[in-house]
Each structure stands twice: as C-alpha cells, then as structure tokens.
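Protein chains: 4
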Amino acid sequence: GDITLAQAQKILTAAVKKAEEIKVPMNIAIVDAGGNLKAFYRQEDAFIGSIDISIKKAVTARYFNMSTRALGAASQVGKSLYGIEVSNNGLILFAGGVLLVDGNNVIIGAIGVSGGSVDEDESVAMAGAAVIK
Amino acid sequence: GDITLAQAQKILTAAVKKAEEIKVPMNIAIVDAGGNLKAFYRQEDAFIGSIDISIKKAVTARYFNMSTRALGAASQVGKSLYGIEVSNNGLILFAGGVLLVDGNNVIIGAIGVSGGSVDEDESVAMAGAAVIK
Amino acid sequence: GDITLAQAQKILTAAVKKAEEIKVPMNIAIVDAGGNLKAFYRQEDAFIGSIDISIKKAVTARYFNMSTRALGAASQVGKSLYGIEVSNNGLILFAGGVLLVDGNNVIIGAIGVSGGSVDEDESVAMAGAAVIK
Amino acid sequence: GDITLAQAQKILTAAVKKAEEIKVPMNIAIVDAGGNLKAFYRQEDAFIGSIDISIKKAVTARYFNMSTRALGAASQVGKSLYGIEVSNNGLILFAGGVLLVDGNNVIIGAIGVSGGSVDEDESVAMAGAAVIK
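Chains as they are written, first to last, in this note's numbering: chain V, 1 to 133; chain D, 1 to 133; chain W, 1 to 133; chain L, 1 to 133.
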C-alpha cells in the first residue's frame with residue numbers, strides 16, 4: 001500500500017491544474033506512506049520559502065494521519081498539542097497538508113501545498129488528493 | 001534581474017547612514033533574488049546575536065516576497081500562518097526585513113537589519129531599499 | 001535564465017526513461033539557478049537514503065558550476081579541496097550531479113541522481129541534461 | 001583590538017581589486033577577533049557554494065590563529081589533526097583563510113576568500129590583509 005510514481009505524477013498534474021485555475025503559483029510536495037519525499041514540483045514565481053513548507057506539510061499530515069488543518073486546530077495556544085511544531089525538525093500547523101487515501105481506503109502518502117493563502121493551498125492539495133480516491 | 005555588488009554597496013551605504021543618524025549600531029544583510037547572501041556589514045558595538053537575525057530577516061522577506069512585518073502579522077497566535085517560523089531553518093517574524101525592488105519593479109533581493117528596536121531596524125532597511133527604486 | 005517547470009518535467013521524463021533502460025530505480029532531483037529545489041521524482045524501490053543524496057548532488061553541482069565528479073576529483077586525499085564536503089550543510093563528492101545548461105549556454109540549474117552505482121547515476125543525469133541543450 | 005567596519009571596508013576594497021585583476025569572481029568574508037561575521041561581499045557570478053566556504057575559511061583562520069593552508073597541512077591523512085574539519089560546525093582545510101594582523105601586531109580578525117583555485121583565493125585574501133599591516 002504505497003504510492004507509485006505514476007500515481008504521484010497524476011496527483012501533481014491535477015494539483016497544477018487547480019493552481020493554474022486559481023492563478024496562484026505553488027510548491028507541491030508528495031510523500032509516500034513512510035513519510036519520505038516521492039515527488040515535487042515548483043511552479044514559476046512560487047515562493048522559495050514554500051519549498052520547505054510544502055514538504056513539511058506533507059510530512060506532518062502523514063506523520064499524524066490527519067490534515068495539517070486538523071493538527072493545527074489541536075495545537076493552538078491552550079490546546080492539548082500546543083508546541084508540537086518544534087518536534088520532528090519542524091511541523092507545519094496550518095492548512096495545505098492532506099492525506100492521500102486510495103480507493104481501497106488505504107493511506108498511501110500525503111500531499112503538501114504552499115504558495116498562496118492557506119485555503120488556496122488546501123484547495124490545491126485536495127484537488128490533487130481527489131484523483132486517486 | 002538579480003542584484004549587483006555595486007547596488008548592494010549603495011544600499012549598505014544608505015542603510016549605514018540612516019543607522020548613524022538614529023545612533024543605533026546595526027547588522028545589515030543583503031541577499032540576492034535566490035535568497036543567497038550578497039553583502040553584509042556589522043557596525044561597531046552592534047549585537048553579535050543580530051548577525052544571524054539580520055540574515056534571516058533578509059532571507060525571510062525574499063522567501064515569501066513580503067516584509068517580515070507583514071509575514072509576522074499573518075503568523076501571530078490565532079492567525080493563519082501561526083508556527084511558520086520553524087520552517088526553513090528558522091524564519092524571523094518581526095520587522096526589519098524588506099524586499100529590494102528596482103526601478104522596473106523587479107524583485108532583485110532583500111535587506112535585513114537587526115540591532116535596535118524593530119521599528120528602528122525597519123527604518124534602516126527601508127532607507128537602504130529606497131536607493132534602488 | 002532560470003529553469004521552468006516545463007523544462008524540468010522534460011528533463012525528469014528523459015532521466016526516468018534512461019533509468020528504466022538500465023533497470024536501476026533512481027531518485028532524480030532538479031534545482032534552479034539559485035540552487036533551490038524545482039522538481040523531484042523517486043521511482044519505486046529507489047533507496048530512501050538517496051533522496052537527500054540526489055538533492056545534495058544537484059545543489060553541489062550548481063553551487064560550484066561543475067559536475068560532482070569533477071569537484072570530487074579535486075577533493076580527494078592530498079588534493080587541493082580536501083575536506084570541502086563539510087561546508088554548505090554537506091556536499092556530495094561523487095558522480096551523479098550535473099549542470100543544466102540550455103541551448104544559449106546559460107546555466108539554468110542542475111540535476112542530481114542517486115540510486116545505482118555512481119556511473120549509472122551520472123548516465124541518468126546526463127540523459128536528463130541532454131534534452132535541453 | 002578589534003576590527004572596525006572602516007577597516008573591513010578597506011580590506012574588502014583591496015581584495016575586490018585583486019580579484020578583478022586576476023579576473024576571478026570571489027566571495028570575500030571578514031570576521032572580527034571574536035570570530036563573528038563583520039563584513040561580506042559576493043561578486044557577480046561567484047560560486048554560490050563559496051559563500052559558506054569563505055565565511056568558514058575566515059572563522060577557521062581566527063579559531064586557530066593560523067592560515068587555513070597551515071591548518072590544512074596539519075590535518076591531512078596521517079597528520080596529527082586529521083579529522084578536525086568536523087568540529088565547529090565545519091572547518092575548511094585549504095588555502096584562502098588568512099589572519100588579519102594590524103600594524104601593532106594585534107590579531108583583529110581574519111579574512112576568507114573562495115571562488116577560484118585555492119592559490120587564487122589566498123592571493124586575494126593576502127591582498128586584503130596587506131592593507132592594515
């Protein structure tokens with residue numbers, strides 16, 4: 001149950017298409033079930049600082065098997081996971097990291113997107129994740 | 001569209017002049033369009049700990065194409081980018097990092113200043129950035 | 001003079017084709033002219049430890065504008081650059097990192113490949129680099 | 001007995017002049033007596049990977065109060081300091097790092113140069129160091 005390069009390419013293509021539709025240049029990272037980088041694209045003019053963030057979003061989502069939005073909600077000031085971001089060489093606590101779950105409901109990896117607002121990032125990640133369901 | 005050493009020297013000279021006017025010794029760092037260090041000055045008695053902060057401010061501004069003040073505003077407790085500072089080996093979220101944009105409106109790098117209050121730092125960064133517009 | 005995502009995809013496709021021909025699963029990383037990650041593919045069963053090596057090979061080639069093979073030759077025991085690998089958070093001194101030079105002889109980035117023998121890695125990198133000349 | 005910014009600028013100017021004479025674009029770093037970055041210039045087309053190396057050369061020279069050439073000679077395979085380069089977050093063991101000693105024979109810092117052959121680098125470092133003697 002691990003992502004293939006062919007699947008990753010299909011996901012990247014769908015994510016790029018969505019990014020082009022909303023006209024926001026993105027960094028798009030895909031990690032496998034082990035949380036290791038599988039594939040990555042950076043569009044022209046996408047933030048340089050979002051390379052690392054997109055990868056960390058994908059890693060964060062897979063490391064805890066939830067979206068970075070969900071982990072972030074549990075990590076705010078006063079919440080139970082407050083401060084978790086300093087673990088694992090840095091986690092990202094805002095939206096844009098989404099699990100990749102295939103048609104058999106198996107987690108095969110995660111996608112992280114960074115370049116726009118966190119809602120834009122997440123919409124691109126979900127467009128990518130949708131194609132393998 | 002990348003900064004030249006001659007431009008960087010001109011920016012440093014203007015920033016030093018401003019720092020002398022406000023009588024606060026500063027660390028002043030300039031990175032190019034790729035986010036790599038281009039030039040750096042530390043004035044006498046400027047904080048040693050501000051070497052790294054000035055460089056990180058310049059990198060942060062270029063990595064996200066906005067001032068560190070603007071990024072910081074979006075990263076406060078409860079805001080959408082809360083926790084972003086753990087990415088990219090450490091980002092700086094307070095004022096003093098400013099984009100360098102030339103007369104043709106091209107981003108050619110960024111300047112980061114550290115040594116005084118964040119408002120003082122930013123005033124020196126802006127004095128530097130102004131000379132290439 | 002910087003690499004586009006379309007160019008990076010073309011290079012990755014050519015590199016993957018070569019890797020399939022020689023039947024060695026590879027990690028293939030592309031960095032832009034600033035040395036920042038632009039695109040990445042990992043084939044099924046390629047070494048996990050080669051993710052970092054492939055990226056560092058690409059970075060190393062661009063950071064010194066020569067192949068990692070050439071830099072490695074100058075860094076052997078008794079040679080002038082002995083020990084250089086501890087700089088820049090780790091350089092890779094064996095073959096598999098190659099500059100990306102376009103038809104106008106402009107350096108637009110670099111490619112790093114890791115997964116097989118260093119000669120196999122370099123053959124895949126060169127197959128990728130060839131398509132933009 | 002510490003270097004001033006005015007002295008550092010004078011040294012940088014002399015080093016740049018030498019680099020232009022030998023037609024090799026250089027990264028030139030100056031650290032103070034405490035081993036902390038004081039000033040830095042990168043010329044157009046100088047290797048990106050040499051930013052870190054030039055700074056490490058200056059730090060290395062000051063940390064052990066000898067040129068990186070001299071430290072390198074004592075650190076080769078079979079020599080007494082073999083392996084020292086992994087300390088201090090990475091030392092550089094080849095020529096191009098030189099102490100800055102003023103007219104009163106006081107060590108006020110060090111200069112590190114990287115961008116050409118190690119002999120070229122060292123010639124630029126020495127041209128810079130000469131102006132404060």
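Worth flagging that the hints you see were computed from the coordinates, not collected in a lab. It should be emphasised that the depicted structure is a prediction, and the values quoted were computed from it without experimental measurement. Please note that a few of the clues may not be correct.
Straight-line distance between alpha carbons at most 20 Å, and here's what the computed SDA-like set of lysine to any residue pairs gives [said to hold, decoys possible]: (1) D:Lys17 to L:Leu99; (2) D:Lys79 to V:Val106; (3) D:Lys10 to D:Asn105.
Here chain V is said to cover these stretches of chain D; the calculated rule only asks that three of the stretch's residues, wherever they fall, bring their Cβ under 8 Å from a Cβ of chain V [to be verified]: (4) 23-32; (5) 78-85.
Examples of chain W residues lying across from chain D (beta carbon under 10 Å, computed) [said to hold, decoys possible]: (6) Ala6; (7) Ala14; (8) Pro25; (9) Asp32; (10) Glu120.
Backbone N, C-alpha and C fix where the C-beta goes; we use that ideal spot for every residue, glycine too.
Hint numbers the structure violates, sorted upward? Numbers 1, 2, 4, 6, 7, 8, 10 - these are the hints that the structure violates, sorted from lowest upward.
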